[in-house]
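S.K.: Below, each chain spelled out in residue letters.
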Amino acid sequence: MRRTVVAIVCLVIACGCNRGGSATGSATSRPRIALVLKTLNNPFFNDMQRGAQQAADRLGVELVVQAAERETDVERQMQIVENLIQSGVQALALTPSGSKEVVPAVVKANRASIPVVIVDTRLDTGAAAEAGVKTASFIGSDNYEGGRTAARFVVDESKGTANVAILEGIPGHETGDSRMRGFKDGIAASPGVRIVASQTANWERDQGFNVFQNMLQAHPEIDTVFACNDMMALGAIEAIRAAGQAGKIRVVGFDAVDDARKAIREGTMAASVAQFPDEMGRIAIENAVKTLRGEAVQPDVKVRIELVNKGEK
Amino acid sequence: MSRALGTRVFARRFGATAGLLLLCALLWILTPYFLTVANLLNVMEQTAINAVVAVGMTYVIISGGIDLSVGSLLAISGVVLARALKAEWPVPIAAVGAIGVGWLLGLANGVGIALGRLPPFIMTLGMMSVARGAALLATDGRPISGFDAAFRALATGHVAGVPAPIVLTLLIYLLSYLVLSGTRFGRYVYGIGGNEEATRLSGVPVRFHKTMVYGVSGAAAAVASILLTARLNTAQPIAGTNYELDAIAATVIGGTSLSGGEGSLAGTLIGALTMGVLRNGLNLLGVSSFLQQLVIGVVIIMAVLVDRLLKEKRA
Numbered sequence: 001m002r003r004t005v006v007a008i009v010c011l012v013i014a015c016g017c018n019r020g021g022s023a024t025g026s027a028t029s030r031p032r033i034a035l036v037l038k039t040l041n042n043p044f045f046n047d048m049q050r051g052a053q054q055a056a057d058r059l060g061v062e063l064v065v066q067a068a069e070r071e072t073d074v075e076r077q078m079q080i081v082e083n084l085i086q087s088g089v090q091a092l093a094l095t096p097s098g099s100k101e102v103v104p105a106v107v108k109a110n111r112a113s114i115p116v117v118i119v120d121t122r123l124d125t126g127a128a129a130e131a132g133v134k135t136a137s138f139i140g141s142d143n144y145e146g147g148r149t150a151a152r153f154v155v156d157e158s159k160g161t162a163n164v165a166i167l168e169g170i171p172g173h174e175t176g177d178s179r180m181r182g183f184k185d186g187i188a189a190s191p192g193v194r195i196v197a198s199q200t201a202n203w204e205r206d207q208g209f210n211v212f213q214n215m216l217q218a219h220p221e222i223d224t225v226f227a228c229n230d231m232m233a234l235g236a237i238e239a240i241r242a243a244g245q246a247g248k249i250r251v252v253g254f255d256a257v258d259d260a261r262k263a264i265r266e267g268t269m270a271a272s273v274a275q276f277p278d279e280m281g282r283i284a285i286e287n288a289v290k291t292l293r294g295e296a297v298q299p300d301v302k303v304r305i306e307l308v309n310k311g312e313k
Numbered sequence: 314m315s316r317a318l319g320t321r322v323f324a325r326r327f328g329a330t331a332g333l334l335l336l337c338a339l340l341w342i343l344t345p346y347f348l349t350v351a352n353l354l355n356v357m358e359q360t361a362i363n364a365v366v367a368v369g370m371t372y373v374i375i376s377g378g379i380d381l382s383v384g385s386l387l388a389i390s391g392v393v394l395a396r397a398l399k400a401e402w403p404v405p406i407a408a409v410g411a412i413g414v415g416w417l418l419g420l421a422n423g424v425g426i427a428l429g430r431l432p433p434f435i436m437t438l439g440m441m442s443v444a445r446g447a448a449l450l451a452t453d454g455r456p457i458s459g460f461d462a463a464f465r466a467l468a469t470g471h472v473a474g475v476p477a478p479i480v481l482t483l484l485i486y487l488l489s490y491l492v493l494s495g496t497r498f499g500r501y502v503y504g505i506g507g508n509e510e511a512t513r514l515s516g517v518p519v520r521f522h523k524t525m526v527y528g529v530s531g532a533a534a535a536v537a538s539i540l541l542t543a544r545l546n547t548a549q550p551i552a553g554t555n556y557e558l559d560a561i562a563a564t565v566i567g568g569t570s571l572s573g574g575e576g577s578l579a580g581t582l583i584g585a586l587t588m589g590v591l592r593n594g595l596n597l598l599g600v601s602s603f604l605q606q607l608v609i610g611v612v613i614i615m616a617v618l619v620d621r622l623l624k625e626k627r628a
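For the record, the sequence lines run as chains A and B. Residue numbers for the first sequence follow this note's numbering, so the first one is 1 and each next one is one higher. Residue numbers for the second sequence follow this note's numbering, so the first one is 314 and each next one is one higher.
One should not assume that every hint holds.
As a list, the in silico DSSO-like pairs of lysine-lysine whose alpha-carbon atoms are at most 30 Å apart [said to hold, decoys possible]:
#1 A/Lys-134 x A/Lys-108
#2 A/Lys-108 x B/Lys-399
#3 A/Lys-159 x A/Lys-310
#4 A/Lys-262 x A/Lys-159
#5 A/Lys-134 x B/Lys-624
Keep in mind the hints are simulated off the structure, nothing from the lab.
The whole structure should be built from the sequences, with the hints applied where relevant.
M.R.: Printed below as a string of structure tokens:
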């Protein structure tokens with residue numbers, strides 16, 4: 001038995017020797033660019049991947065897409081970045097799983113002289129400045145403006161009087177915080193629009209259900225929900241249905257994913273703020289390629305946002 | 314009898330090592346980026362955290378138990394560490410404080426199991442939620458970040474050209490190995506896992522030692538939290554989610570038996586490296602993230618299956 005194993009190992013090593021020479025030479029001459037996403041089990045990032053892939057095909061670059069299993073697993077994302085650096089990618093487009101936590105990974109890319117383009121979630125400015133990291137470009141939605149857009153919709157629809165519940169994203173995440181800040185600033189001028197409850201449901205649908213169910217118990221006066229993403233909004237809609245209040249509570253989400261658009265058509269959801277992740281992916285790859293060619297890129301690209309409600313789409 | 318046991322243990326450890334070597338050889342053929350000094354150091358650095366958590370898990374599993382709370386204990390210890398560092402405590406004192414918290418919570422697990430006679434699965438499942446909740450409460454769910462270079466050196470520094478986390482991990486393994494194989498406590502851990510009743514009848518204070526085993530596990534998780542916090546320059550209350558599963562996987566790939574009484578730290582280190590190499594290799598090859606999960610699962614099952622076959626053949 002032991003001898004068999006040793007024999008197999010020797011054989012494999014022998015094969016390795018044969019391949020050794022050709023393996024290094026087999027690398028293609030097309031530039032290799034990596035896109036590291038937060039996760040791949042979210043339609044938002046699937047769209048981003050599609051946009052990036054189309055841009056890569058058009059520009060003749062090889063695109064490697066990797067993601068951690070869980071959206072919040074920053075340690076795993078850091079490992080992926082380290083491994084991609086080892087695999088000799090020439091540029092890196094990254095959607096940070098954590099605004100602060102990912103900074104050491106960007107430091108490593110900088111040290112390896114690999115240009116980095118940040119997509120979707122901004123690096124924490126303080127942490128980035130302290131570590132002295134350099135990024136070529138940031139591409140993302142204006143989440144703050146999206147929050148204001150949602151607020152404007154709520155103010156208009158409610159004619160200035162509403163009891164609002166907010167479903168927050170994971171605390172400390174720049175994306176959710178900006179949306180919420182935008183929303184709060186947006187309603188500030190309308191004293192009749194009050195926030196009666198605000199809690200996190202960690203971006204998730206099932207938690208959106210539970211958290212909103214509890215909110216409704218404590219505050220039966222709630223007539224409007226602003227959820228910082230559609231998953232939580234869809235969870236809240238189920239809770240509303242379970243409470244027999246379908247159609248009586250105005251639900252506003254964020255991202256305009258397919259399920260949310262369907263809910264808007266059916267009338268269970270009032271509106272959602274659409275982002276354009278495919279455009280983000282496209283611009284990310286374009287900017288990465290430009291950086292590689294030594295061309296100047298816009299350091300801060302704001303991708304358009306759009307309110308989707310029943311009348312419009 | 315002892316000879317048979319000897320060969321069995323040998324077969325287990327040998328199986329895991331052969332598997333790791335085979336994997337490395339395969340990756341060497343498939344990608345030119347794998348077998349470079351920089352990449353191998355990279356893999357070992359990435360493996361360090363799981364490897365350290367798995368030290369405690371190995372003690373627990375050898376004693377016939379399981380510890381599902383290690384990920385959460387890692388998070389709460391990290392939060393304590395971060396708070397202490399932010400309060401400008403010297404690094405060694407903050408580190409000892411964090412390890413102390415991990416150790417105490419681990420002991421609490423042990424007390425529930427040894428004195429309260431709760432099944433380890435239930436007690437540590439409860440603690441998993443308690444410690445996670447405490448970490449979230451203490452931080453309001455927000456990460457704590459930005460530490461001095463002196464602390465970050467634990468992740469970014471080098472000792473004679475070798476990254477500090479690797480050196481620390483090896484030291485921890487050496488120390489834990491000496492305790493497990495060279496002390497009375499170590500022998501009792503095997504004894505309790507092999508036959509608790511017989512161990513108790515031979516006059517060993519089983520409940521005390523069982524409690525200490527979970528203390529070791531909590532302390533190991535806390536040491537891992539120090540490495541993780543330095544690495545990310547951040548302590549997160551949601552850090553370490555699912556780390557218990559990685560640690561259990563590393564332990565069983567390394568040939569430690571889930572039924573207790575048998576296993577080794579050397580095997581666990583090989584097991585942790587196997588998982589690290591696998592993840593690294595799949596990244597280097599640009600394999601789809603979904604396929605990666607599938608492959609890792611298959612490897613865990615295959616490793617334990619081959620191990621079992623080898624063992625049965627020898628026995």
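S.K.: Indicate, hint by hint, whether the structure satisfies it.
M.R.: To see whether the hints hold, each was checked on the structure:
no. : hint                  : verdict
1   : A/Lys-134 x A/Lys-108 : holds, 11 Å
2   : A/Lys-108 x B/Lys-399 : holds, 25 Å
3   : A/Lys-159 x A/Lys-310 : holds, 18 Å
4   : A/Lys-262 x A/Lys-159 : holds, 26 Å
5   : A/Lys-134 x B/Lys-624 : violated, 54 Å
In summary, the one numbered hint that this structure violates is 5.
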